[in-house]
Amino acid sequence: MNCHQIRHRILALEQPSVLSGELAGHVKHCSSCLTWYRKFVQFDRAMSRLPIPESDGFVKAGLLEKIRTSEPPIKEIPLARLEPAAPRVVVPPKAKLSPAPVVEAKPRPIKIAPLPMPVNLEDDPTRPRRSLGKLAARFWPASLVAATLLVGVITWMSLRGNRPVPTPPGPADPLLDQLVKLNVELAKSQSASERIVVLARLADELNQEMRDIARADATGENMQALEGMYKKVVLTGLIVQAKELRGVERELVLKKIVEGLKQAEQNAQQTAAQAPEHSARVLRDAAAVAKEGQKRLDQLIREAFT
Amino acid sequence: MTRDAGRLPGDETGLIVNAQAGDREAYATLVDRYWERLYRWLCHLTRDGHTAEDLAQETFLKAYAALASFRAGSNFRAWLFRIAHNNFVNQRRSARHNVQPLSVDWPEDDAGPEEAALSREAMRTLVEAVSRLPVDFRTALMMRAEGELSFKEIAEILEITEETARWRVFKARQKLMNILEPDLQPAPRETNRNSP
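Chains as they are written, first to last, in this note's numbering: chain F, 1 to 306; chain H, 1001 to 1196.
If we strip away everything but chain H, and leave its shape as in the complex, we get (with noise of 0.2 Å):
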């Protein structure tokens, strides 16, 4: 995936050190690498485009403060998606809780071949239900499946027992496939070459 490419946890850490000292250009480097991944991730839990954005900002703006605080070396992907949900759970508190489907403007043309395996109709399915999850389970799953956070990575950044974390993507996978599963075909063999 594209924005996987260049992560590399040394190069991270030089920038982390040198936005530390105050260079700017390398924190905007930061903000660039992973803004993509918090702005979906908020998407997802805000079912907001516009909220997302402001709260990604607000996040990426909070960890630029609070930067001096953070151990170079640690989990920054971890402290960045800690901040946001602190960010989001502050939002939500003083926002009327709001509960509408993610707004999505469905694109016309087809997928490329690994989304043709998941008709439109099964995604805009996936999507809805996953907008109607209770937003613990929605948390913890799209922190899993877009921020690609180990449990113990989602335990951390939630403050719950790595169990819990495991309970509750498994909650929300369990639950998203029984509302899922008759609009699913079979993935064609090929395409899963670890599994049996």
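Only chain F is shown next, with the shape it has when bound in the complex (with noise of 0.2 Å):
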């Protein structure tokens, strides 16, 4: 590695204090690198320390005080707007970034909201209010495929073989129930590593059915519309949103997508050798997409820091 990339490692590491390995051993013996890896632990510790703006300390006490005379969180909490309960405050000193004077504070207003209790359950507070309109504007080009994916999906099943007509409350079919979850993670996503895993998973889904129903589809049609679709995702899904990627991330996200495909094609290679001859045929040319996907990926891998 060179000294672009070392530093581009411990720009990534948890703890940058803390080297070992290959790291430590370039930065000891490359006074560039280490001048550079001095500066970047001073910034590091000074990030912990930032100065930001003195409190007066009223809504945390306000807060405090509230707590400590309201019933238990079972039960509604009235929330009344609190007054200071002395209009004089000591301001504790600011660890070592501020002066420790003793000011005349200026009360401003505290606002208590009010809050509804008991929780109510479809309001997590740990879930952020989702704006679909935003997230279909970002993530257009990986819902389309999504969609397409699963239009072909449904399409194709209800098209396929002589099977009877499903009565409700039939079972579900599992590949299309799978379809629609990973649909619905893929419209979640928001950033390009995350719809790269969730289409990982379509890939797998998509090359497992293919495996699965090797032998029993008569025609080979299911298995070539399913590699259709195996094929836009690799090929199409996965590649575009892996040039999102940037540096490390790409590099850590690609790895194990690669590691992916490169199971999926000797899956597929595996099945080939025992199914028929017009299946065996289609798991070829999946297996095919999947070496075609891991050149593609590997190229953009090496192309992550250049």
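A couple of the hints might just be wrong.
[Stated by the list, open to error] Some chain F residues near chain H, calculated using beta-carbon distances under 10 Å:
1. Ile10
2. Phe43
3. Met47
4. Pro53
5. Gly62
6. Glu65
7. Arg68
8. Thr69
9. Lys256
[Stated by the list, open to error] Partial list, computed: chain F residues near chain H (C-beta under 10 Å):
10. His8
11. Gln42
12. Ile52
13. Lys188
14. Ser189
15. Leu245
16. Gly247
17. Val248
Just so you know, these hints were derived from the structure itself, not from any lab.
Note that beta-carbon positions come from the ideal geometry of N, C-alpha and C, so glycine has one too.
The two chains are supplied separately, each in an independent frame; assemble them into the complex guided by the hints.
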């Protein structure tokens, strides 16, 4: 690894103040990287000590007071506007970066929002409100692939073979269920790396389905339909999203995907060896798609730092 | 650091269990323990002290309301940050995006020996640069720096992959280092015991 790559690796560490192995070895013997690293450690330490606006402490004090005098959380807490108990406060010394003056604090209006209680379980505080319009606008390429895929699967399922018409409530098709689930996950994904992970799982599902029906598919038409979708997911969906990633993230995410594709290629080849010729041909095509996917992703990984 | 003092997982679980059972003093202790780091993190996100205080307060109230649903023994700190982040996202959506640098009252006195390594000018540059980072990067970076959360915890809170969390922190550090490097002086060797 060159200096540039070493520095990138250090920047991506969880605990950059502790170096080991190749990173430590390089930094120890490279004066330029050593200087850079010392500056970086200095910067990293400063990050947790950045000065922030001095707080008058009223909001916190008001909150603590409210908690101490309120009912337990199961019951409704009447949250009225709280007046500060004392107008004069001593601002505690803010460690290191602030002086410790005694000041006449200016109490600002304290807003304590009324709290709906008991908790509505549908209003989970750990979930932000989602803006579907924004999500759709931001991630339309992935959504397009997913929607195309879903429509393709549903169409394929409705046209395939001499299947009896299911009577409600018939058992759900596991592939369709899984694809719908992944489609939803894809729509919820907020970054290219997340979309890639979901697309890789979609590809796995399709690959698995091909292998499952390889012996049963009398004409090979179902296999071909699945292979077409698999190709779209791997060579269109995955590659397009992979180009969105940069540097270390591209390397980290894509390496796992390449490994998955390698495994998919091997599985398809193995199943092809035991399948009827019409299915084996499609499986070999799928293996070729997986191989092409690996090749293109490898190329993107190599380009990550150029 | 003082904010880490008294952070005992077992002790914390006891406080949570007691708070869930209706012990208000136990919850007040938890608020006291986490207020500072949540407030500091929210300051860097909102770039406004008052908004940060309001969001911190809202976070603790929501957490209090939902305390029964929290599984004692799991990661309370990450849970709080997640609620705080959602509050921030909601607040940001309702308020128009206002790009203001963080307003800080800079002390006249010199700082302690550790900060002395970073000049006031460099610190000022750093604060401004942090406030200009894209919000996703700033959120993840300050979770790592202020919340001392792992990449895995950050990923869980932000509902992203661990690799994405790492990427955001990496990118934020890279941007800041590019801006700040000319102003930095290499730290003395003895302050850097674990490094080569």
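Results for each hint:
1. Satisfaction of the interface hint for F/Ile10 is found here, the shortest Cβ-Cβ separation to chain H being roughly 9 Å, below the 10 Å cut-off.
2. Because the smallest distance between the Cβ of F/Phe43 and any Cβ of chain H comes to about 6 Å, under 10 Å, the interface hint for this residue holds.
3. For F/Met47, the interface hint holds, the least distance from its beta-carbon to any beta-carbon of chain H being 4 Å, beneath 10 Å.
4. Hint on F/Pro53 holds. Least Cβ distance to chain H is approximately 3 Å, under the 10 Å limit.
5. For F/Gly62, the shortest C-beta to C-beta distance to chain H is roughly 8 Å, which falls under 10 Å, so the interface hint holds.
6. Checking F/Glu65 against chain H: minimum C-beta separation of about 9 Å stays under 10 Å; hint holds.
7. The restraint placing F/Arg68 at the interface with chain H holds, with a minimum CB-CB distance near 5 Å, inside the 10 Å limit.
8. About 8 Å separates the beta-carbon of F/Thr69 from the nearest beta-carbon of chain H, less than 10 Å, and the hint is met.
9. Proximity of F/Lys256 to chain H holds as hinted, the smallest CB-CB distance being about 9 Å (cut-off 10 Å).
10. Checking F/His8 against chain H by beta carbon gives a least distance of about 7 Å; that is within 10 Å, so the hint holds.
11. At about 4 Å, the closest approach between the beta carbon of F/Gln42 and any beta carbon in chain H falls short of 10 Å, and the interface hint on this residue holds.
12. Checking F/Ile52 against chain H: minimum C-beta separation of about 4 Å stays under 10 Å; hint holds.
13. Given the 10 Å rule on beta carbons, the hint for F/Lys188 holds: about 8 Å separates it from the nearest Cβ of chain H.
14. The restraint placing F/Ser189 at the interface with chain H holds, with a minimum CB-CB distance near 9 Å, inside the 10 Å limit.
15. At a threshold of 10 Å, the smallest CB-CB gap from F/Leu245 to chain H is about 8 Å, leaving the interface hint in force.
16. Evaluation of the F/Gly247 hint against chain H yields a held restraint, the C-beta minimum of about 7 Å falling below 10 Å.
17. The interface hint given for F/Val248 holds, since its Cβ lies 6 Å from the closest Cβ of chain H, which is under the 10 Å cut-off.
Comparing the model with each earlier hint shows no violations; every hint is respected.
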